[in-house]
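Going down the list, the protein sequences come from chains H and A. Position one of the first sequence corresponds to residue 1 (my numbering), numbered consecutively onward. Position one of the second sequence corresponds to residue 1 (my numbering), numbered consecutively onward.
Errors might be hidden in some of the hints.
Said to hold, decoys possible - Straight-line Cα separation of at most 25 Å, SDA-like style, residue types lysine to any residue; simulated pairs:
no., chain 1, residue 1, chain 2, residue 2
1, A, K98, H, T20
2, A, K77, A, R67
3, A, K98, H, N59
Stated by the list, open to error - Label-pair restraints from in silico Cβ distances:
no., chain 1, residue 1, chain 2, residue 2, range
4, A, T26, H, E53, 27 to 35 Å
5, H, A2, A, G41, 13 to 21 Å
6, H, E54, A, S14, 45 to 53 Å
7, H, E53, A, A17, 42 to 50 Å
8, A, E8, H, Q18, 32 to 40 Å
9, A, Q45, H, T114, 29 to 37 Å
10, H, K13, A, E16, 42 to 50 Å
11, A, Q81, H, R15, 38 to 46 Å
12, A, T70, H, L41, 26 to 34 Å
13, H, N59, A, P111, 37 to 45 Å
14, H, Q44, A, T70, 20 to 28 Å
15, A, E16, H, L83, 41 to 49 Å
In case anyone wonders, no lab produced these hints; they're calculated from the structure. Please read these numbers as outputs of a predicted model, since none were measured by experiment. Where a beta carbon is used, it is the ideal one built from N, C-alpha and C, also for glycine.
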Amino acid sequence: EAGVTQSPTHLIKTRGQQATLRCSPISGHTSVYWYQQALGLGLQFLLWYDEGEERNRGNFPPRFSGRQFPNYSSELNVNALELEDSALYLCASSLDQRNNSPLHFGNGTRLTVT
Amino acid sequence: GNSVTQMEGPVTLSEEAFLTINCTYTATGYPSLFWYVQYPGEGLQLLLKATKADDKGSNKGFEATYRKETTSFHLEKGSVQVSDSAVYFCALSAAWGKLQFGAGTQVVVTP
Numbered sequence: 001e002a003g004v005t006q007s008p009t010h011l012i013k014t015r016g017q018q019a020t021l022r023c024s025p026i027s028g029h030t031s032v033y034w035y036q037q038a039l040g041l042g043l044q045f046l047l048w049y050d051e052g053e054e055r056n057r058g059n060f061p062p063r064f065s066g067r068q069f070p071n072y073s074s075e076l077n078v079n080a081l082e083l084e085d086s087a088l089y090l091c092a093s094s095l096d097q098r099n100n101s102p103l104h105f106g107n108g109t110r111l112t113v114t
Numbered sequence: 001g002n003s004v005t006q007m008e009g010p011v012t013l014s015e016e017a018f019l020t021i022n023c024t025y026t027a028t029g030y031p032s033l034f035w036y037v038q039y040p041g042e043g044l045q046l047l048l049k050a051t052k053a054d055d056k057g058s059n060k061g062f063e064a065t066y067r068k069e070t071t072s073f074h075l076e077k078g079s080v081q082v083s084d085s086a087v088y089f090c091a092l093s094a095a096w097g098k099l100q101f102g103a104g105t106q107v108v109v110t111p
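Take these sequences, add in the hints, and give me the full structure.
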């Protein structure tokens, strides 16, 4: 069974640009989560999508947005990039919404903003 | 609000030593608790979980027991290997779709 896949692996952008990150969940998983892992800040919850809808959002500004497609894959968009957006962005999927369903993570997209 | 506190790393120990990583939490209700591991250059992998008080999660020689009275979920392994070198994250799930992670503890095992 293929795991969660993310693309690209690395992304280099300049301040003010937009970045688009992509995620494909495990087959059969309908929930997709995005986390930011910035140096020194740990893992911060960004967004949760399920069945095409945004279900929950972390404490991030509106320039962080995303969507989930009918095939349950997801995009994370970051507009007006700032230097502090440099981080590893992790996508995860789960089989259902129960709080004891574990998340399965991809290997992440390393975003560098210069 | 919910929070997870882990012991700070790095934790450095020799092969075959005993490993303990402390984790305590604050949460309303009855959260599920998890340990995730992140190997260099990779995403997070679920190591073990416990969904109610007194449950013991175990995997690959690692164990953790959900202690409601002390709000703790300490990770232990009796004999570590070099391949156990990684960052370990304690996490709780108490709200729909949201895992709350601790800061992570880096473990370095030397031969």
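Against the structure, the hints:
1. A:K98 - H:T20: 22 Å, holds
2. A:K77 - A:R67: Cα-Cα ~17 Å, so holds.
3. A:K98 - H:N59: Holds - the C-alpha atoms of N59 (chain H) and K98 (chain A) are around 12 Å apart, at most 25 Å.
4. A:T26 - H:E53: 27 to 35 Å: 29 Å Cβ-Cβ, so the 27 to 35 Å window holds.
5. H:A2 - A:G41: 13 to 21 Å: 19 Å, holds
6. H:E54 - A:S14: 45 to 53 Å: 47 Å, holds
7. H:E53 - A:A17: 42 to 50 Å: Since E53 (chain H) and A17 (chain A) have Cβ atoms about 48 Å apart, the given range 42 to 50 Å holds.
8. A:E8 - H:Q18: 32 to 40 Å: 36 Å, holds
9. A:Q45 - H:T114: 29 to 37 Å: 31 Å, holds
10. H:K13 - A:E16: 42 to 50 Å: 46 Å, holds
11. A:Q81 - H:R15: 38 to 46 Å: This hint holds: roughly 43 Å between Cβ atoms.
12. A:T70 - H:L41: 26 to 34 Å: Since the Cβ atoms of T70 (chain A) and L41 (chain H) sit about 27 Å apart, the hinted range of 26 to 34 Å holds.
13. H:N59 - A:P111: 37 to 45 Å: 42 Å, holds
14. H:Q44 - A:T70: 20 to 28 Å: Holds: the Cβ-Cβ distance is about 27 Å, inside 20 to 28 Å.
15. A:E16 - H:L83: 41 to 49 Å: For L83 (chain H) against E16 (chain A), whose Cβ atoms are near 44 Å apart, the range 41 to 49 Å holds.
Consistency with the previously given hints is maintained throughout, with no hint failing.
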